[in-house]
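Please dock the two separately framed chains into a single complex, following the hints provided.
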Amino acid sequence: DGGITQSPKYLFRKEGQNVTLSCEQNLNHDAMYWYRQDPGQGLRLIYYSQIVNDFQKGDIAEGYSVSREKKESFPLTVTSAQKNPTAFYLCASSPRTGGEKLFFGSGTQLSVL
Amino acid sequence: AQSVAQPEDQVNVAEGNPLTVKCTYSVSGNPYLFWYVQYPNRGLQFLLKYITGDNLVKGSYGFEAEFNKSQTSFHLKKPSALVSDSALYFCAVRDGGSWGKLQFGAGTQVVVTP
Numbered sequence: 001d002g003g004i005t006q007s008p009k010y011l012f013r014k015e016g017q018n019v020t021l022s023c024e025q026n027l028n029h030d031a032m033y034w035y036r037q038d039p040g041q042g043l044r045l046i047y048y049s050q051i052v053n054d055f056q057k058g059d060i061a062e063g064y065s066v067s068r069e070k071k072e073s074f075p076l077t078v079t080s081a082q083k084n085p086t087a088f089y090l091c092a093s094s095p096r097t098g099g100e101k102l103f104f105g106s107g108t109q110l111s112v113l
Numbered sequence: 001a002q003s004v005a006q007p008e009d010q011v012n013v014a015e016g017n018p019l020t021v022k023c024t025y026s027v028s029g030n031p032y033l034f035w036y037v038q039y040p041n042r043g044l045q046f047l048l049k050y051i052t053g054d055n056l057v058k059g060s061y062g063f064e065a066e067f068n069k070s071q072t073s074f075h076l077k078k079p080s081a082l083v084s085d086s087a088l089y090f091c092a093v094r095d096g097g098s099w100g101k102l103q104f105g106a107g108t109q110v111v112v113t114p
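Chains as they are written, first to last, in the numbering used here: chain A, 1 to 113; chain B, 1 to 114.
Isolated chain B (complex conformation) (with noise of 0.2 Å):
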C-alpha cells in the first residue's frame, strides 16, 4: 500500500521569505514523487517530480524538493515566495514497482502575503 501525509492544512508566509511545504511518504517499493500546483477552480498543474538520481530536484516557477530517503520526506521549497504562488499544493506518490495509480496527499494551501 502507499501512502502520502501533508501535515500541515494551510502554511502562511511573507513574500520575500522562504517556503517550505511539507510531505511525507509510504511506498513498498522504490519511490515516484510530484508535486503539483492547483489554483482557484482550476486542475492541478506539474512542478516537479524524483524518479532517481539527484535528491535535489529543480522544477517550474523557482521551486525545488529534497529527496530524503531515510525521513521518507519529499519538501518542497521556494528560497523567496511570491503573492502569486498562494495556491493549493498536493504531494504525490506512486510505488515505482506498479503502474498507474498516483496517490494523492490531502494538499497545502499556501498563502503569502505581500
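With the rest of the complex left out, here is chain A (with noise of 0.2 Å):
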C-alpha cells in the first residue's frame, strides 16, 4: 500500500527538550516537505528537499531542524528553540516533475506538557 507514513500521530513535548518526528514515502518521489498548521492560519511551509541529502528553509525554520539521508525518509527536529511548538504537523511529498500535486500523510499532533 503505498503512501506517506507519519509517525507517532499524537507527540508530548517537555520543556527544553528536542523531538524527532518520522516520515517515510515508499512512493519514489524526488522531493519531500513539512508543514505547520495552525488553526485559522492554513499551512505554512518548514522545510523542503528536492532531492537526497540536500533541504532548503521555508518560511518558519526557525526552531526546526531536518535531515535527507534518503530518499524515503525527511525527519523533522523540533528543537527547544522553538517556543511554541503545538501545532499539527503534516509531511507531504512530490515527483520532482513541475505542476505535481502533493501527497500527505496523515499528520503529527504536537503538544508541550
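A hint or two may mislead.
[What the hints assert, rightly or not] Once the Cα atoms are required to be at most 35 Å apart in a straight line, the calculated DSBU-like pairs of lysine-lysine come out as:
hint: 1; chain 1: A; residue 1: 14; chain 2: A; residue 2: 83
hint: 2; chain 1: A; residue 1: 101; chain 2: B; residue 2: 101
hint: 3; chain 1: A; residue 1: 9; chain 2: B; residue 2: 58
[What the hints assert, rightly or not] Pulled from the structure, derived: some chain A residues nowhere near chain B, Cβ distances all over 12 Å:
hint: 4; residue: 14
hint: 5; residue: 15
hint: 6; residue: 81
hint: 7; residue: 86
hint: 8; residue: 94
No lab work stands behind these hints, which were simulated from the structure alone.
Backbone N, C-alpha and C define an ideal beta-carbon position, used for all residues, glycine too.
So, in C-alpha cells, the structure goes:
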C-alpha cells in the first residue's frame, strides 16, 4: 500500500526537550516537505527537500531541523529553540517534475506538557 | 512573491444546494493552482489543479473549479453538495516559473446541513 507514513500520531514535548517526527514515503518521490498547521492560519512551510542530501528552509524554519539521508525518509526535529511548538505537523511528497500534486501523510499532533 | 486568499472562514450550505468556495491569488508568473480537502485529524487530499488549458477544471468527488485570469480567481464549485462534503478546503498557488514552494490559503470550513 503506497503512501506517506507519519509517526507518532500524537507527541508530547517537555520544556527544553528536542523531539523528532518521522516521515517515510514509498512513492519513490524525489521531493519532500514539512508543513505546520495552526487553526485559522492554513499551512506554513518549514523545510523542503528536492533531492537526497539537500534541503532548503521554508517560511518558518527557526527552531526546526531536518535531514535527508535517504530518499524515502525526511525526519523533522523540533528543538528547544522553538518556543511555540504546539501544532499539527504535516509531511508531504511529490515527484520532482513541476506542476505536480502533493501527497500528504496523516499528520502528527505535537503538544507541550 | 506569491499569495493566496480565501475570503470566507466558513461556508454553510444545505444538502443538495450548489457549493462555492472562493479563492483569489497573486503570483508574478503563470499560476499553478490547486485545491485540497482536509477531513478532521487527517492530512490533505488533492482535489484538482490548473496548470494550463481549459479554464474549467474537473476533479475528484464531483468538484470543479474555474480559472479566471482577469479576476485572478480560482473558485471551487460543486453543483449539489453532500453532507459528506463537510470539511476544510484549502486553495494553493505556485509560481509556474519556480519550483518547490506552494503557498496555501488559510482554509475555508464547509458545513453542509441535511
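Quick rundown of the hints versus the structure:
1. Simply put, residue 14 of chain A and residue 83 of chain A have alpha-carbon atoms about 11 Å apart, close enough for the 35 Å limit, and the pair holds.
2. Restraint check for residue 101 of chain A and residue 101 of chain B: satisfied, since their Cα atoms lie roughly 12 Å apart, inside the 35 Å limit.
3. Our distance criterion of 35 Å between C-alpha atoms is met by residue 9 of chain A and residue 58 of chain B, whose separation comes to about 33 Å.
4. In this structure residue 14 of chain A is separated from chain B by more than 12 Å, as the shortest Cβ-Cβ distance comes to about 23 Å.
5. Residue placement check: residue 15 of chain A keeps its beta carbon more than 12 Å from all beta carbons of chain B (closest about 25 Å).
6. With a closest Cβ-Cβ approach of about 23 Å to chain B, residue 81 of chain A is found to remain outside the 12 Å limit, as its non-interface label requires.
7. For residue 86 of chain A, the non-interface assignment is confirmed: its Cβ lies about 15 Å from the closest Cβ of chain B, beyond the 12 Å cut-off.
8. Its beta-carbon lying about 9 Å from the closest one in chain B, residue 94 of chain A breaks the requirement of being farther than 12 Å from that chain.
Against the hints set out earlier in the document, a violation occurs for number 8 only.
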